[in-house]
Amino acid sequence: MTSSNLIKLAIAALIGIALGLVYGWVVDPIEYKDVPPNILRADYRADYVLMVAEAYQKEIDSETAARRLAVLGGESPALVVASTLEYAKQNAFAQNEIQALQDLLTAMQTYQPQGNANP
Amino acid sequence: MSRLNLRSQILHILLALLVGLGLGLVYSWFLSPVTYVDANPAILRSDFKDQYRIVIAASYAATQNLDRARVRLELLGDIDPVGELSAQAQRMLASGEPFDKVRPLAQLATDLNNGFASIPTPTSFTLLNTPQGDSVISVTETQTAETASIEETPTPFPTIIFEQTPITPVVAETNTPRPTFTPVPGPGAPFTLVGQDTVCVPGTQEGLLQFIFMDGRRKQVAGIEIIVTWSQGEDRFFTGFKPELGNGYADFIMDADTVYSVRVVAGGAFVPDIVTPTCTDPNGISYPGGLLLTFQQP
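Listed in order, the protein sequences are those of chains A and B.
Note that the first sequence covers residues 1 to 119 in this note's numbering.
Note that the second sequence covers residues 1001 to 1298 in this note's numbering.
Looking at chain B on its own, in the form it has when it is part of the complex:
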């Protein structure tokens, strides 16, 4: 009897403990949960993260401070910050946002991939005074800009002419030639088609029309607008939204029986009569292949 009593007492105590535990959890999780007042950007809602990225890119467009933009993007806790930037740019374009609004995102993604700011601006020089390490970036930008635009002609060795007495050398040429400035085509220079190659790789996307745009130094160029037209419509898109495939890369899926024409908005290059090529595998079976168009500035 007393054993039964003891067991019942323990059960009651356990029950009271569990009820108390439940009440405590209800209070701490629902009635008065931990309140966040010092949140970090990584837990922002996805639309606010998108807004945060837009502001980071806009700030970067103004300062060209790539290090700082990279650190700011890391705050968002994305596994692949560059991929997220590109994906957001594509989402914005798909939703009809103007390219001017999307360009800073694409530019930042491209520059993060390259590892340097592609458009040094005078603003970056004013940042030399800031103590956050901006000066390193600015100096690199300056060097890049100079090597890009100045092609130094090597200084020839002076020719020594010996006359009757070879004791005093006479230096025939004393003037060091000045650096020769090589004109570099501006961003608006026209692109011309330099390659049109059939791509026959079994297993890849059928009818894939790929574009690569390069400047005069064979460096890929982002942000080039391309218009593909066919009898029933047209599509507009830009290079640089798949930086993992190259900053000057863009692609388009062609239908097998449709004739397309391609126009590059900047410079007006026009390529008519593009059709999906037919490839043949080693077994003699035909399949739709792809096409690679390469454009380059002079």
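The following block holds chain A by itself, in its conformation from the complex:
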């Protein structure tokens, strides 16, 4: 096989790879289903934390609130609420919503999981 033939084959293979990449990344990319909540978009994530904060206003149950926040990933509940509070301030959330997040943050900062309670 001559070198010109080899070049033609290499070019064909490269074109094939490029077509495969375009098809796999753009035309028909992997569709995700059944994803965990830790990859929610920032606004959905903030709304979820806000819902937990609104529910906390009525329930005053730190344990339940922390459990609900835990589904958002490995960060501590206080950290999750703190970053959401920051997001809420930057995105002009209503004052009562910011207050609810602030209350939840205070609760999460002082929250001690039952397993870690001092004897």
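For the record, the hints were derived by calculation from the structure and aren't laboratory data.
Note that the Cβ used here is the ideal one computed from N, Cα and C, for glycine as well.
You may find that some hints are simply not true.
[Said to hold, decoys possible] Cross-link-like lysine to any residue pairs, in silico, SDA-like; alpha carbons within 20 Å at most:
1) K1101/B to E1225/B
2) K1242/B to D1078/B
3) K1101/B to D1235/B
4) K33/A to A1042/B
5) K33/A to A1039/B
6) K8/A to L1006/B
7) K1242/B to S1032/B
8) K33/A to S1032/B
9) K58/A to P1098/B
10) K33/A to L1031/B
11) K33/A to E1084/B
12) K58/A to Y111/A
13) K33/A to S1046/B
[Said to hold, decoys possible] Far from chain A, some chain B residues (derived; all Cβ distances over 12 Å):
14) C1200
15) R1263
16) G1284
Chain A is already provided as a structure; the job is to place chain B on it using the hints.
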């Protein structure tokens, strides 16, 4: 010979193209697929969707903001959000979750069906300042609450008495009667059995014991706990988990040869000796029918 050579060259090129295509697909689908970082709630795993619904319902229980709860539920991409709420509530009850945990889901499903918040709370008034359209809901709630509890007596027309000179009318009654407050039974008022009807509809579930609970204004009431007992056991369930059949609806399947008694937990109404009625079709053939018990608050 040269034609054979050309054909072989084209085949080689095609083969290289296909191998390249395969490599590209393997890389883009398996080795380095598109990564999701900004997912929306519609593609959450089903158990996380359940958790999301619980939090939506808990938030709604605190704020009574029905519009916002509806929008949040739509994010989950369910074809029938109310049906999903009811189904989840039933699943939770079946798995032994306490009713207090399930109640917000049932309440939200009921209110979405009704189109208004059934339990206006003071919290909803604080939401008047929020710019997301909450005020519309709150005003509606206020109006509903007032019309529900105040029954206005129409103001009578003043009677004009003419004496000797009919030039100056004398208004005999100047005081406008104040609105009369009609006492409304609270949610804990006892239910009494107001109807016990045999249901003979061929083709329907045999031995279906149906319940309908209404308040004093004949509005169906969700969340009423019912206990059905028989010689070998008992079953507990609540109204409102089939909102498509009514918020105050619940049902139970009876065996043909068993005697049941029904107790309503709130108010303690008791109906003994319930058996599956026998119906007869137009051809004279007997079949087990159903029973409809209607309860109402005074």
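Results of checking the hints against the structure:
1. K1101/B to E1225/B: With a Cα-Cα distance of about 14 Å, the restraint between K1101/B and E1225/B holds, given a limit of 20 Å.
2. K1242/B to D1078/B: With a Cα-Cα distance of about 17 Å, the restraint between K1242/B and D1078/B holds, given a limit of 20 Å.
3. K1101/B to D1235/B: 19 Å, holds
4. K33/A to A1042/B: 9 Å, holds
5. K33/A to A1039/B: 10 Å, holds
6. K8/A to L1006/B: It holds: about 13 Å lies between the C-alpha atoms, which stays within 20 Å.
7. K1242/B to S1032/B: Not satisfied, since the Cα-Cα distance of roughly 46 Å exceeds 20 Å.
8. K33/A to S1032/B: 17 Å, holds
9. K58/A to P1098/B: Holds. K58/A to P1098/B sits at ~18 Å (cutoff 20 Å).
10. K33/A to L1031/B: 18 Å, holds
11. K33/A to E1084/B: 18 Å, holds
12. K58/A to Y111/A: 17 Å, holds
13. K33/A to S1046/B: 10 Å, holds
14. C1200: 47 Å, holds
15. R1263: 30 Å, holds
16. G1284: Given that every Cβ of chain A is farther than 12 Å from that of G1284/B, nearest at about 56 Å, it holds.
This entry does not satisfy hint 7, going by the numbered hints stated previously; all others are met.
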